[in-house]
Amino acid sequence: MSRSAWANNILSVATRACIVAALLAALPHNRCAAQELTVYEMSLQELYRAASYGIQTRKYANATPNLREIIARLPDPQLDSAIRMLEYGMYHLPVCHIEMNNLDDALADFDSYLKRFPKGTYHEQARILVAEIHAAHESWDKVVETTQTLLNFQHIRPSRHVLAAYLNGEAKFRLEQWNKAVTPLIYVFERGRDPDIQSEAAVMATISLLRLERISELFRFLPLVYQTSAQYDIELNIALIEGGDSRFGLGEFEEALLLYRPVYSKPELLRQLGARIREAKRKRELLYQSGMDLGEILSLRRKYTRLLTSLERQRETAAKFPEYDQQLVMRLAETHRQLERNWEAMLQFHSIFDQWPGHELAEEALYLAFTTALDLVAEERALREGYDYLEAFPAGEFYELVSLTVAQMHLAREEWRDCVDIGIEALDIVPEHEMRAQLDFLIGYSHFQLEELPQALDRFGEIREEYPQSDVKEDADYWHPMTHLFLQEYLPARNEFGEFLDRYVESSYLEDASYRLGIAQYGDDDFDAAEKTFQQFVKQYPESKLLAEACCMLGDIYASWAKLGEAVQYYTTGIQKAQNVVHVNYGTFQTARVFELQGKFEEIIWLFRSYIDQYEEVGNVSQALYWIGNMQIRLGREQEGFETFLSGIEEYGNDPRNFGIDMIVRDLIADQAESAESAKRREFMKSLREKLSGSRADNKKTLELRLLTLFAESQRDAIQRGKMMAVLVKERNLEHAAPIALLTMGNEASSRKKQKIAEAAYGKLLSEYGESDLALEASMGLGDLYAIQGRGQDAIDLYRKVISRFPGEPRAGDAQKRIGDVLREQKNYSEAVLAYQTVLSVRDWRGPLWPESLYWIGECHRQQGQYEEAFAHFQRIYVLYEHYVPWMAKGYIASAECMEKLNRKQDAVRHYREMLERPELKDTDEVKTAAEALERLGLDS
Amino acid sequence: MNPVLKELMEERTELPIAPLIDVVFLLLIYFMVVASLRPQEADLGITLPGTILQSRTVSMPDEQIVDVRKDGTVVLNGRLYGESHQREIPGLAATLYRYKQAAESTDSKALITVQAADEARHERVVDVLNVCAGVGIKYVTFGLGE
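Top to bottom, those sequences are chains A and B.
Numbers in the numbering used here are just positions in the first sequence, counted from 1, shifted up by 7.
Numbers in the numbering used here are just positions in the second sequence, counted from 1, shifted up by 92.
Calculated directly from the structure, the hints in this document are not laboratory data.
Certain hints may be false.
Simulated restraints, written as ranges between beta carbons of each label pair [to be verified]:
1. B/G170 x A/D532: 45 to 51 Å
2. A/E924 x B/E196: 20 to 26 Å
3. A/Y511 x B/S151: 43 to 49 Å
4. A/E603 x B/E175: 50 to 56 Å
5. A/S811 x B/Q146: 32 to 38 Å
6. A/K552 x B/S151: 19 to 25 Å
Note that the structure is a prediction, hence the values are computed from the model and not measured.
C-beta: ideal position from N, C-alpha, C; glycine also.
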């Protein structure tokens with residue numbers, strides 16, 4: 008429905024009813040009995056009474072002949088009474104026409120009346136009714152003309168003046184003469200008594216002011232409007248939205264907000280209209296109990312009926328009006344955003360999605376809530392909005408943008424796993440993601456940070472191959488070799504870094520790539536090339552943050568070439584150019600290692616004394632003391648060395664993060680285990696006891712637990728050791744224990760089958776002190792504990808972490824072997840064999856792990872009834888691993904048992920006999936087994 | 093003969109073997125040609141207490157590495173073999189002989205990696221090769237010294 012059509016519907020009908028009712032209410036209330044006579048037989052008085060009675064009783068058709076006869080009989084009256092009678096007739100005849108809806112007749116008769124009585128008794132009413140008829144015909148110019156004439160009169164009755172002004176204002180409003188309409192309409196609003204007329208005048212005045220953009224005037228007027236029922240007028244509300252839009256378009260956001268804000272939602276309007284309808288009905292029903300006379304009751308009843316009709320019509324119109332609430336909230340939110348009131352904007356955008364999730368605006372609103380939260384730097388909220396969007400609109404217009412942004416946010420927050428998850432999910436949902444290359448990069452980078460290097464390599468590789476034009480191609484070209492580097496795949500790393508440097512001469516990665524190239528060459532054992540690269544780097548980037556590292560790398564290269572003097576010079580430069588204490592530490596400790604190779608133990612002591620002086624607050628002082636003490640011992644100053652250790656423990660041992668103290672304690676434990684009983688040892692134990700007591704007195708709990716660990720482990724007497732360990736292995740000690748105490752607690756609790764404490768001790772060490780050298784042992788201990796508890800997969804996961812984190816450590820081989828053990832215990836023999844074969848494939852893990860692994864491979868075959876394969880492995884042990892006597896013995900027995908299983912008793916006997924002949928096996932338990940077997944087989948040894 | 097090689101041989105210098113694999117290889121060819129093998133080591137009569145002929149090849153993942161140290165001692169899987177002042181290494185021969193027997197029964201190759209220290213004498217490497225040849229092990233490779 009168009010604005011004018013709709014408005015006409017409401018205003019014209021409601022107003023018409025009011026005006027006519029108001030005028031008719033002014034008619035005389037004389038009662039007159041109906042006459043049986045014809046009009047021609049009736050006197051003027053009788054005609055008047057009959058006409059008056061017809062009008063009163065609303066029998067207008069009856070009244071009309073009487074009125075015509077009155078007019079006919081008085082063509083030119085001279086007496087006042089006759090003139091009044093004629094005027095009565097001429098006025099009431101068109102009134103009856105109106106009542107009978109004969110508007111054209113009414114208009115003609117009013118015209119006659121006004122010509123005859125231009126200032127007659129009824130001229131004001133007549134003019135208003137004429138204007139009303141013109142209004143019904145939408146002849147607005149004539150309405151203006153008629154009402155303007157009336158308004159020009161001086162002494163018009165106020166109520167009629169209001170009616171005339173209303174019609175005048177409405178006509179001008181309809182003619183879109185906004186400027187001229189405002190004055191009469193505001194006058195009606197201020198002076199009118201009929202709430203409906205007031206309300207409609209307010210609506211039209213508001214709209215006129217909006218059209219005129221007389222905004223300041225409007226803002227003064229609106230509060231008054233909102234004290235009336237006009238506030239619930241739907242046209243007013245829509246006009247305010249349009250006015251707000253206009254101000255928004257002009258960049259007048261404050262004004263737009265003031266116009267949008269008072270607008271009622273459609274449900275609220277309907278609710279208010281419903282409430283008013285119920286109230287009007289209630290009042291109308293109560294009229295008969297009010298004690299008023301019938302005339303007043305009928306009058307008020309008509310009023311309420313008119314009001315109800317008007318309200319019902321408004322409600323009907325409002326109900327049919329298209330939904331605008333979402334648009335309104337959207338506009339409010341957008342205005343708030345323009346005003347940088349982003350919190351309100353965000354909440355309003357989100358409320359659209361919350362209230363109308365299926366509405367066409369919901370998607371855009373939620374996207375805007377997300378971007379507004381980003382503007383607010385409200386990251387948590389933005390992530391929630393982003394995830395809401397991604398979940399609700401997987402096929403949405405902004406899905407790709409939101410998913411990329413969310414992934415970027417996770418990356419910036421170093422939430423690597425979340426970044427990977429959302430990135431992969433987005434690519435699953437939108438395989439043709441427009442920003443696939445960027446997402447691939449974010450996923451790859453997160454994988455890299457998670458040390459999931461093969462996955463990272465795949466992602467960077469995909470960008471390089473599939474999206475060579477992408478803006479992240481350069482990033483991928485850098486991170487791809489970087490990942491190779493971390494995978495220790497040095498050859499492809501150096502090749503790709505070389506290509507990168509050739510291709511991207513202006514890259515921001517240039518400096519880093521130059522340095523990484525050197526690292527890759529170093530890893531590829533091409534020290535010559537690495538040295539050249541680092542030398543060039545030092546020359547080219549003298550201010551680089553990587554300069555210290557490059558110098559240290561040069562130090563490492565020269566050290567490997569046994570050019571120890573040059574190496575120390577480079578380490579010294581590295582320390583001088585250090586960006587942080589890590590660089591200082593590396594250079595200093597590497598220098599110490601070179602000095603150690605050179606036998607310069609005094610220099611080492613001097614080096615670390617200087618280091619402690621300079622970096623006591625931030626340096627690794629405990630590790631420095633560890634070096635100093637060791638060097639003093641190697642120089643033969645054992646007592647001085649032990650004093651350095653003990654004073655170091657005492658001074659720095661109360662901080663659990665001083666890992667060097669743990670190394671000192673560990674070495675002292677090993678030293679005490681090897682030392683003979685002597686006065687020196689007794690002195691050491693006495694000193695230890697005193698320091699332990701001192702730490703207790705000073706309430707230095709961490710120090711006390713470290714000393715208790717050392718004291719307990721240094722005990723020769725098992726009972727004494729057991730008692731002290733019992734004091735150490737307490738749950739309450741976990742809180743303050745340093746890594747060495749935690750490891751000892753874990754190991755001791757495991758052996759005492761106190762699995763809960765053991766797990767807690769290992770767990771705390773790994774979670775809080777993961778960078779300690781003792782973390783490896785704790786991982787192994789915890790893995791063993793999991794294996795005992797039947798938590799095979801947890802154990803395997805932990806062992807794999809050990810292998811990944813400490814690949815060069817012999818314990819990594821042990822961890823690999825234990826993976827095989829767990830799988831074997833799970834009777835997963837094929838996987839177990841693969842795990843053991845891995846142990847056997849690594850040269851660095853040669854030693855007792857190899858015969859043991861061979862034995863367990865054989866055992867896996869034997870458990871599956873594959874005795875021939877089992878035998879091959881068992882035999883290999885006693886043939887090739889004679890140095891490892893326990894395993895050789897087991898190999899013999901297992902080989903013989905396989906022979907027995909295969910019914911080859913003579914071969915079995917030969918195995919038992921050969922075994923018994925080997926002197927190196929005579930102390931093993933298996934010898935007894937072999938002798939018993941021979942006896943069982945009917946042959947003694 | 094290449095004068096450099098001749099000089100090296102005569103001086104019995106402590107040439108680092110690891111970076112000079114190619115040179116060592118040439119030397120070995122020379123020794124192979126000039127040295128008389130000692131086949132008697134294959135006649136030690138040390139046999140296994142029993143073997144099982146496998147119906148299919150059983151592949152063994154462990155690499156058998158014979159380390160030749162700079163002092164002339166020879167190590168296989170942690171066990172020291174031979175005296176540095178004696179050319180013969182009978183213990184190693186016995187072990188490798190049994191190894192070969194075991195390998196044959198599993199239908200696999202008896203493979204030896206000789207890994208000499210940088211400072212080890214080439215002559216000692218040749219002694220190990222002699223043992224391998226003596227027991228009939230044909231597959232010998234060289235690894236880098238540690």
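Each hint tested on the structure:
1. B/G170 x A/D532: 45 to 51 Å: 27 Å, violated
2. A/E924 x B/E196: 20 to 26 Å: Distance hint for A/E924, B/E196 holds at roughly 24 Å.
3. A/Y511 x B/S151: 43 to 49 Å: 47 Å, holds
4. A/E603 x B/E175: 50 to 56 Å: 33 Å, violated
5. A/S811 x B/Q146: 32 to 38 Å: Holds, since A/S811 and B/Q146 (Cβ atoms, about 36 Å apart) stay within the stated range.
6. A/K552 x B/S151: 19 to 25 Å: 51 Å, violated
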